[in-house]
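**Q** Residue-level listing of the chains:
Number of protein chains: 4
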Amino acid sequence: MTEPCFDIAHLAHVELLTNKFEESLDFFVNIYGLTESGREGNSVYLRAFDDYEFHTLKLTKSDSTGVGHISYRASSQAALDRRVAVIDEMGCGIGWVDGDLGHGRAYRFNDPDGHVFEIYFDTNKYVAPEGEKSALKNIAQRFHGRGVGVRRLDHLNLLAQDVEAIELFMKQALGSRVTEKIVLDDGTLAACWFTVNNKTYDIAFTVDHTEMEARFHHVTYAVDQREEILRAADIFLENGIHIETGPHKHAIQGTFFLYVYEPAGNRVEIANAGARLILAPDWEPIIWTQADRMKGQAWGLKTIESFHTHGTPPAPDDTWGKT
Amino acid sequence: MTEPCFDIAHLAHVELLTNKFEESLDFFVNIYGLTESGREGNSVYLRAFDDYEFHTLKLTKSDSTGVGHISYRASSQAALDRRVAVIDEMGCGIGWVDGDLGHGRAYRFNDPDGHVFEIYFDTNKYVAPEGEKSALKNIAQRFHGRGVGVRRLDHLNLLAQDVEAIELFMKQALGSRVTEKIVLDDGTLAACWFTVNNKTYDIAFTVDHTEMEARFHHVTYAVDQREEILRAADIFLENGIHIETGPHKHAIQGTFFLYVYEPAGNRVEIANAGARLILAPDWEPIIWTQADRMKGQAWGLKTIESFHTHGTPPAPDDTWGKT
Amino acid sequence: MTEPCFDIAHLAHVELLTNKFEESLDFFVNIYGLTESGREGNSVYLRAFDDYEFHTLKLTKSDSTGVGHISYRASSQAALDRRVAVIDEMGCGIGWVDGDLGHGRAYRFNDPDGHVFEIYFDTNKYVAPEGEKSALKNIAQRFHGRGVGVRRLDHLNLLAQDVEAIELFMKQALGSRVTEKIVLDDGTLAACWFTVNNKTYDIAFTVDHTEMEARFHHVTYAVDQREEILRAADIFLENGIHIETGPHKHAIQGTFFLYVYEPAGNRVEIANAGARLILAPDWEPIIWTQADRMKGQAWGLKTIESFHTHGTPPAPDDTWGKT
Amino acid sequence: MTEPCFDIAHLAHVELLTNKFEESLDFFVNIYGLTESGREGNSVYLRAFDDYEFHTLKLTKSDSTGVGHISYRASSQAALDRRVAVIDEMGCGIGWVDGDLGHGRAYRFNDPDGHVFEIYFDTNKYVAPEGEKSALKNIAQRFHGRGVGVRRLDHLNLLAQDVEAIELFMKQALGSRVTEKIVLDDGTLAACWFTVNNKTYDIAFTVDHTEMEARFHHVTYAVDQREEILRAADIFLENGIHIETGPHKHAIQGTFFLYVYEPAGNRVEIANAGARLILAPDWEPIIWTQADRMKGQAWGLKTIESFHTHGTPPAPDDTWGKT
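Respectively, the protein sequence lines represent chains D, Z, E and Y.
Counted the way this note's numbering counts, the first sequence spans residues 477 to 799.
Counted the way this note's numbering counts, the second sequence spans residues 477 to 799.
Counted the way this note's numbering counts, the third sequence spans residues 477 to 799.
Counted the way this note's numbering counts, the fourth sequence spans residues 477 to 799.
Among these hints, one or two may not hold up.
You can't tell identical chains apart in this list, so a pair holds if it fits in one copy or across any two.
[Unchecked claim] No more than 35 angstroms apart at the CA atoms, straight line, and that leaves these computed lysine-lysine pairs for DSBU-like: (1) K798 x K601; (2) K778 x K496; (3) K798 x K647; (4) K771 x K647; (5) K771 x K613; (6) K778 x K657; (7) K601 x K496.
Keep in mind the hints are simulated off the structure, nothing from the lab.
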């Protein structure tokens, strides 16, 4: 058995594209409860109140929707160098970029489906300005209680044509571990959940049922308690936000969830994992079969059809938001 | 900057001593909600429903109370070997033991206050027998809903004469990181919280105000939601269990807590950390001052006097349970 | 405007029929968390921990399922006499019965669909025996934390051929007020929620889509917090109890709900109304249209088909439990 | 036994005096989460999102603090007339006033301690303007999620020199029932909880340890879940609001509570009663003794000293806010 890899510390931030910039920004700030850290060019940098870095969401004005890039932070400079060497060797590297308001130099590369990833170590830790300091010195920023008021970035879900290829890639490039997966009766890997640390997952990939590439399924922020998700449902309802499904508990990973679409159509989740962590260094992936999936979510809710069809950018036959 | 150390995966189990064995066992099983995994000699092995190993609490019949030994699991066999070499070099090693029902060979050593620690890699993963399998295949054991029904071992708090010495020891021996600490106005380190992974702490040490050595402050299991802690308070109340303080939220670490004494007098906590994790690989310890501590817990509850005086085994002038 | 009527104090108890007596009893005691108060003949008397009377559920061995009788307690002896006079005048009276272990003389009568109702005043207040007394003197019985652990009887839902007739009957016989109702586009009253006090409803009637009479839809007990309903879902899941739908929030009445079938097939709900009460003495009924109902429950969950088809005793074409 | 009285439907609103009008208003709107319904003269009318009337709190600019008047709504015009006749007969009537923005003609009278009460029937039901309508038609106003976001007025606590006199008065004038009381070893009635409906209490009176008259102890709004109270504690903390005590569970009435002082010093509570109601028409008052009170609150929290000393207007030796 090889030793587990700890070179990558955690999922750091996500760049989300929107063709309804003002509406999306209003959603993330006033309804979802993020705070603006800064803005530059076509992007606004956003953060949850206990994210320790400058930002975890970069919202970028675009003519479409979907994901710009996905960023992980390395455990150290040396660990970053080790990963870059491996990825360069894998032949999927794009090269170094200078970083932006949130962090220093970053190395970019593609996953097999064409999503753009980056890794970096030098970061811009958030220093709360006056008025944003928490009364508790171990919290990055004041809990303002605005809207849903999510605590921190949790995970990402991406669509891909070939999840087997993604599994190999994630293990090799980031040293990710697989915690759970769905394997169909014909042996196809339909979905796979990965983590680089003790979180039960920081990214998941699901088979894209279209022929499109590099698509986005959802981004998720964590709240401290399930009750906040029930409260969030009322906030979404009262603000006319499309609730796709939930609140309910996932069978896979056991996460309590709620899915909505932000105004431009990108799917956004709010989740709570309770006290569940992957502490075992030799965790064996949980395999879910087609028969398992027929049972629906943990308490029997059937997975909603749009969960399999709606991604961003949307497929040509995706009718959401067109009526 | 040196790279962070990942050799130790997590706090694994605690051996607790009791001079009221049957009452303590009844408490842990029927009120706290643990399940018996096995028994051997003077000990019963207990586990929370989502602990992945055979046991996390070894309850041992004794003529006193307090902690027997504290056990951490290494990330791999190679990581274990590296740690043993370091600890052996430190001169505090006791030597190898064969392990017990819960795991294989373990290396034992002393902290500067005389507590007995051990580290190991080979473990006995829990395999739920029929009737104990969960309906959800990613949960170690069925959630039976008995008593408080804690999910998993969370952390430990020990008393020590010299917390500065402990801090050096923990960093060197286990590669632990300090996440928060209390530093008095005279510079004394009064308490220190450590972690080896993404949990905000897996062990804390507090200054012992007596001259006794190797004492125990409390052991904590995690529940998924704060509501379970409020429910637990009613269960303790109705079962005549001494509630020392709480439920309330700690300023330090932000944990929602409730402290009780099991029948033999060992302090036991139930806690919920919400979604709070230490993801930053270069987290700077939070320093709490005397002035900070004067404010009490997060929402103003003053720290109860017995929290500073009661430990196990009890000091000669500890009156708890004597009336 | 006539003055509101306060003659009837509250829904008191329900008699439920089961053809799987032992399994049903095990469900209500060990999973739902009721306590047995006594037994006589073919019936066991059950109570939730904060029901103030002897029992709120009478479980009776039968060759079928459904409801035996529904019982309300009057506000005083004089109020009881007033109601009996009215009901006798209405021509639907059955007559006086002696009462049973739970209460004194009761007057029985039929609703237009043939369900058997009774009203009484003399009751047998629960006096907790040693070992069942709560540590808090304002709670009827100790909170034991067994299974779901519901607090008190909440409401009942019955099926009827003609809900308009029921509405007139309930107002006249019990002085009930209508708090909410569903009126179809063709003017049919499809469902109607009634209360005799400040609860938002104590009974609801829904159109029976079969031609059967006097059928039962569900009985509901209240828990204090929504979190208890999420916890209950795990308990049902782990015990193999059929979860029909939920947890979710009803649009109508705003109740947070979870529906299961007890082993004999009677539908049982767990619900939490939060702080919602009907305090207005001149509350205007809320009218829900077909268009409203198309939106599903509060957060969008579609009403499950079996909710419209499954009642007890079951219709000949009801397949539940037959496979 | 006399029949219970149902002439008074519910506690309707409270007029609170403040000598820090702008700060108090900011607190009630932005932190507590009430909405302004209107303003006239020196008063702003405020409401919680599910209060069905125009307002439940009238905040009035004053040169001191405390309560202006306390208002109950009658069950009908006839019931109002009956009550006025009784109160007039009792000799404590003040007379009719025209009402204000919130309701029609009201009859005012004094309790034995000099507090000003009023009763009325004609009310101004809240009609939500566009933008304030809820997505759910059974909720009075949109849940906006601002600040704590309380649901509805719950109860009031007043100080009085002679609680025995108050008990007689409340039963006679309003037909209130006593649900719980504290009786000291010397027979003194130290505190008494009253209700006119199924709520466990709508008003409580406690002995005033000063010689001042007509003082105010606190006003309470209800939230739906205990979790909202824990969340509220963080909101108060982050906004520099003085948290006096809690969150914890009262032994008396079992209410989960949190007490703060609004900026002018009036005590304000947030509470959750769970599913607890007084349904029994012949409920026997629960008597709490001095020995009972020594145990503190339900889970052992000792009652904080200021709870016995701080009222508004403040006593001359009350130091709160003077440093």
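**Q** Hint by hint, which ones does this structure get wrong, listed from lowest number up?
**A** Structure breaks hints 1, 3.
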